[in-house]
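Protein chains in written order, with this note's numbering: chain A, 1 to 285; chain B, 1001 to 1317.
Incorrect hints may appear among the rest.
As the list claims (entries may be wrong) - Quick list of in silico lysine-lysine cross-link-like pairs, DSSO-like style, CA-CA up to 30 Å:
| no. | chain 1 | residue 1 | chain 2 | residue 2 |
| --- | --- | --- | --- | --- |
| 1 | B | K1254 | A | K247 |
| 2 | A | K256 | B | K1293 |
| 3 | B | K1298 | B | K1287 |
By construction, these hints were calculated from the structure, which means they are not laboratory data.
Now for the letters of each chain:
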Amino acid sequence: MKVALWLGYVSVSKKLVEKIHDHLALLDRLAARRFNDPGLAEEAVVYALEKLQDGDGKRLAGFSGRARFSSYLGSVTCRLFEDFSRSRFGRLRPPSWLTKLGGWWLVLYRFLCLERQSLPDALNRLETCGPDVHFDAEEAASRILSEITDCGKYSGKEDLTSDGDMDCEPSPGQESQVADLEKKERGILFAIIFQNLLQDQPVTPSMNDSFRGVMDISISMSAEERLLLKLCFQDELSVSQAAKLLKLTVHQAHGKMRRLLLRLKKTFTDAGLAEELLLLLNQEC
Amino acid sequence: MSKQDNLFTESNKATALTALAASKDVKSGNCLTSDKMALLVDGSLSEVERQHCLAHLAECQSCYDEWRLLSMENFAGSGKVIKGPWLAKRALSFATAGSLLAAAASILLYINLAPPPPVEHKATSPIITEDTPQLPMSSEDAIVEAPQQGKSLVTEEEPMPAPALVFQQEAKKNEMPASPEVRSVAPRKRKDAASKQMSMAADFEMEEQALLERDSLTSVSEEIMVDIANVVPVVIQKMSQLNEGGSLVLLTYKRDRSLTLVKLDQQRVLIKEKGFSVDEFEVGVGKLKKNLKSLLKKEFPRSNMVRIVTENFPAND
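With these hints in hand, go ahead and build the complete structure from the sequences.
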């Protein structure tokens, strides 16, 4: 009985290894998309393969069989890639203004500050990932380097100072510092967001007040709407690509997007946003 | 201006990013398990579960990144490069299948209605001449040899019907079975027609070969259908494989708009745009990807599949 069980166990683990090896191409593609560097991607795949086969594939034991095996394996592998990245480069949390900008800004931050790439290398790698033509990578990189003074000087310890959701409350003495930091980050964030609209116009005091006021506006958006905005305006995917990801038709996605933008503009108007900003936001409509 | 361009204005972008910045991050539960993530990517979750997962993705950057990576891979994986328009990615609907059947039926009908080719007529009018020497004949031909001995059967164009055929027609009219001698003419006729066709085809092939050999610019062309999401990598890969002077033509499904990329040398590519706007310009290989993306957005805004025709020339030795 024991021998039969043991034989069954051996054959299962052998099958698992075969199954993983059948999906090697998938792992390669995922690694290439995640790291945008062939050498790094290869190392990551080797790391993931080792970890997947550890303990006779215990990492894949949670597979219920309801989803496709390739999707499940992809998900587990993505997490292993994240582990690999952390073991290789450490863990560094971007400042909140960068997190809010998301998309290619975060990718560029990862290249420059986490993986400590030189500026030309980072720009080259970003070009191979194929960001949209609207994204000015050079401008973004110079902004990141100028705002994050210790970019690329990572000491190996996890940086939590810039994390917005820290558990501990600031002491009364620190409140003013936190407020200053928030104000500074808000300033950077909105300067970047309105950069193209403002062109060379100076930021007026009323605009500054509005920027502060924007953060207090309660905007109600469904998860799907948020994701649609993130996919289209942070990651710069086309509406049809975003529609595919959200399992919508292209027409549904276009309609949702149009209605959502109108609603947001109305919310900003009702909240009493500065007239200069409203004019900027409502132009080209 | 397309629908897409209308949405992606600077003011809309600023509105969207401001809204995203202003919306409060509310943690919605734990991160998704790999199984749940796989189900979400496959689209196998119930609507309630799906909404719950999307709510988490909207707040959690790491889960969002994983979902996006897997979903993009899922679509890229399913949109493999497909050769030929018949094997399009989408499954054929009943309507399409019906249309195809109707088209096939009409072609068959046309073939049946069409008059027989002239070669067949040539073979049906054998005449007997006195001048021509007697040809060595098979046993079949020996039976056909009639009514006079020593006369050979020559297949030449002649309006007059052969006596044997006249006999056959007469026999048909009188509902009499045709004689075995007459029936055996058919294989001979078919053999002649086939051999003539083969010799013509061989001549044509030889001529073609000679022309191709004479012309040093022998091109090899190939057409494939590619999912719009994969066009850029496929084009870049194909451009790297092309020899100098080779070109790629990107066409819409209806072939009404096109982008032609001609590889001038290892560093330069000539792009000819012919669609919503007509333009011609040179770009470096490094800038090709960027230009291609913007051109695809401009000229193929609503395309799902793009035809890629490769015209390659052998390298000059």
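Take a quick look at whether K256/A and K1293/B sit within 30 Å of each other, Cα to Cα.
25 Å, holds
Under the criterion that the straight-line Cα-Cα distance not exceed 30 Å, is the pair K1254/B, K247/A satisfied?
Distance ~27 Å between K1254/B and K247/A Cα, so the pair holds.
Just to be careful, I want the Cα atoms of K1298/B and K1287/B compared with a cutoff of 30 Å; is the pair within it?
Given that 30 Å is the threshold and the Cα spacing comes to 17 Å, the pair holds.
The structure shown violates none of the earlier numbered hints.
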